[in-house]
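Engineer: Protein chains in written order, with the numbering used here: chain D, 298 to 614; chain Y, 298 to 614.
Hints were generated in silico from the structure; no laboratory data involved.
Please note that the accuracy of each hint is not assured.
As the list makes no split between identical chains, a pair holds if one copy fits it or if it spans any two.
Once the Cα atoms are required to be at most 25 Å apart in a straight line, the calculated BS3-like pairs of lysine-lysine come out as [stated by the list, open to error]: (1) K567 with K363; (2) K364 with K572; (3) K368 with K497; (4) K371 with K446; (5) K335 with K435; (6) K335 with K368; (7) K435 with K371; (8) K435 with K363; (9) K572 with K335; (10) K497 with K335; (11) K335 with K567; (12) K572 with K368; (13) K335 with K446; (14) K497 with K572; (15) K446 with K497; (16) K497 with K363; (17) K567 with K364; (18) K364 with K435.
There are 2 protein chains.
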Amino acid sequence: MTAGTRRCIVVSTLAEAFFYADHGFDDILYAYPLPFDKVARCADLSERLTLFHVLVDNITALEELKKWPLKRGKNWHVWLKLDCANGRAGVLHSEPAALQLALAISESPGVELTGVYSHCGNTYSCSGEEEIRAVAQKTTNFTLQFMEKLQANGIHCPRSSIGSTPSCSHPVPDMAQLSEVHPGNYVFYDAQQLMIGSCKLEDVAVRVITRVIGHYHHRNQMLVDCGWAALSLEGGGRLPTGYAIIEGHPDLKLLSMTQEHGRIEPISGKLDYEKFPLGSLLTLIPYHACATAMMHPVYFIHSDGVVVDTWTPTRGW
Amino acid sequence: MTAGTRRCIVVSTLAEAFFYADHGFDDILYAYPLPFDKVARCADLSERLTLFHVLVDNITALEELKKWPLKRGKNWHVWLKLDCANGRAGVLHSEPAALQLALAISESPGVELTGVYSHCGNTYSCSGEEEIRAVAQKTTNFTLQFMEKLQANGIHCPRSSIGSTPSCSHPVPDMAQLSEVHPGNYVFYDAQQLMIGSCKLEDVAVRVITRVIGHYHHRNQMLVDCGWAALSLEGGGRLPTGYAIIEGHPDLKLLSMTQEHGRIEPISGKLDYEKFPLGSLLTLIPYHACATAMMHPVYFIHSDGVVVDTWTPTRGW
């Protein structure tokens, strides 16, 4: 995913930042509104690495950083989080507070304004490429306009970034004016991205394999050994095929799950139990790969039908 | 929870069974419809422990056990899973197949019919004690009637069990005729059990502590550092207070979450930001403790405000 480089990665937890730092990565952006209990650990990474970046969207967070000056002549590398209509974190792009915060960061001793960061999570409510590109364009416009405003006010800020898997899957030409993008889910893709229009079914690189453990003729259902403990409840069963796509069986629906059980039934008609004997396997394409991947203590990496590696995800914060 | 004994416990994954076996527990029931890929590991536990029990609800599973005779003169200890109107796993109590399966188990060499197991997960759609007791009574009746049928047919079966946290929190007198019950969630309880009527708020023994990381006056919201990665999406936001109860703040709602972010807003009126400064803590009572607990790599056990232990949950299968 990094084409061999161990630089320029974005993480959403500090546990992930430490994992990468401990494995030879550098230039890591902790792209999360700075939780004040984590300043000491961020200082540790800032002093250890050539480049470690934090993200702020308010003056109080900046004050917390200034209370903790870095050793070894290092500066805090700060990205300003800009809200370009996503409505999650970030100072609103249209508010005077945004420029005031940028100015305060750039004028603080021991602190550098490294970049402007905007996340267009609002692409997740899009349907199709046209809508995705419209959100990508709007987010890019607001971000570039803010970069111009910084320049006009003599505020130095070398980098800019927008992201989300849908927008980066269907980028608009103006995104080339940004210094970087930061999608995450594209590593796997999933049924949700398929519904949004970010990818095709053959792009989805994650599966949960499950086993048939029960036949219940009287209610036209079978049970599989995959509950929300292995798949998560993301999507709320909204897919035409319920909580997942059952690969090769578009006529089946993952109707409901409890912790360790999943109920499968045909979308219509009678279930042909002979096609799904007890002990046989079904392959699920998750609704949201991020949520499903989180549920597993190990990932099996395969190539040409052979497991070539296992990966252990980093958990916690 | 076991009052000091290390016997008579029920697990829903084989990973949990091995965890307990490795820590001196014995008499463990793997109360899950036997997945055929796990027969070898079940045989291992059956041979190692004084008592290890498996659960079946179909003849094919019994045949799989018989293909794997136990060493050291051991017998497979098998519970018959009975569906008493819950509609998940189990052979339907009213079907002739239930008695046929019991007979087949009891007549199989190397296999013993140890118990009848019914789970009344349908108590989760109850509201209040009266409805809970009605389901508990019905499940108990069906189970005891089935036990009588076994006796009438000369089939030896010493144990019987029903369960679910709601039914075991409000047991009916006839449940005393069962040899055991098997609730799980009661270890913690949660907002869901509160809504069902299983417990009071003060019975809930699990919390997620979260920190305020953003103030967004223009949309009357604040952000906290708890997303579904720390709470799960269980409940779907159906509580009057959204995805959780915010302890001490019945006027606040956990409106939505993404992986690492939670949006909080007042149920009505303007948010008083001075009461919730950036960096301050809020305490969340989860909707479903089982789902929330699964999201955490460690639990902090506290008493009188002091952390006295940490627990690492067993994951995987």
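Engineer: None of the hints should be skipped; say for each whether it holds.
Structural biologist: Now the hints, each set against the structure:
1. K567 with K363: neither (67 Å within a copy, 31 Å between copies)
2. K364 with K572: between (66 Å within a copy, 23 Å between copies)
3. K368 with K497: neither (49 Å within a copy, 51 Å between copies)
4. K371 with K446: Classified as neither: same-chain Cα gap 27 Å, cross-chain 79 Å, threshold 25 Å.
5. K335 with K435: neither (33 Å within a copy, 53 Å between copies)
6. K335 with K368: within (17 Å within a copy, 54 Å between copies)
7. K435 with K371: For K435 and K371, neither the intra-copy (36 Å) nor the inter-copy (70 Å) Cα distance is at most 25 Å.
8. K435 with K363: neither (33 Å within a copy, 65 Å between copies)
9. K572 with K335: between (53 Å within a copy, 22 Å between copies)
10. K497 with K335: neither (39 Å within a copy, 35 Å between copies)
11. K335 with K567: neither (56 Å within a copy, 29 Å between copies)
12. K572 with K368: Classified as neither: same-chain Cα gap 66 Å, cross-chain 35 Å, threshold 25 Å.
13. K335 with K446: neither (31 Å within a copy, 63 Å between copies)
14. K497 with K572: neither (27 Å within a copy, 47 Å between copies)
15. K446 with K497: neither (39 Å within a copy, 55 Å between copies)
16. K497 with K363: Classified as neither: same-chain Cα gap 47 Å, cross-chain 45 Å, threshold 25 Å.
17. K567 with K364: neither (67 Å within a copy, 31 Å between copies)
18. K364 with K435: Neither: 36 Å inside a copy, 64 Å across copies.
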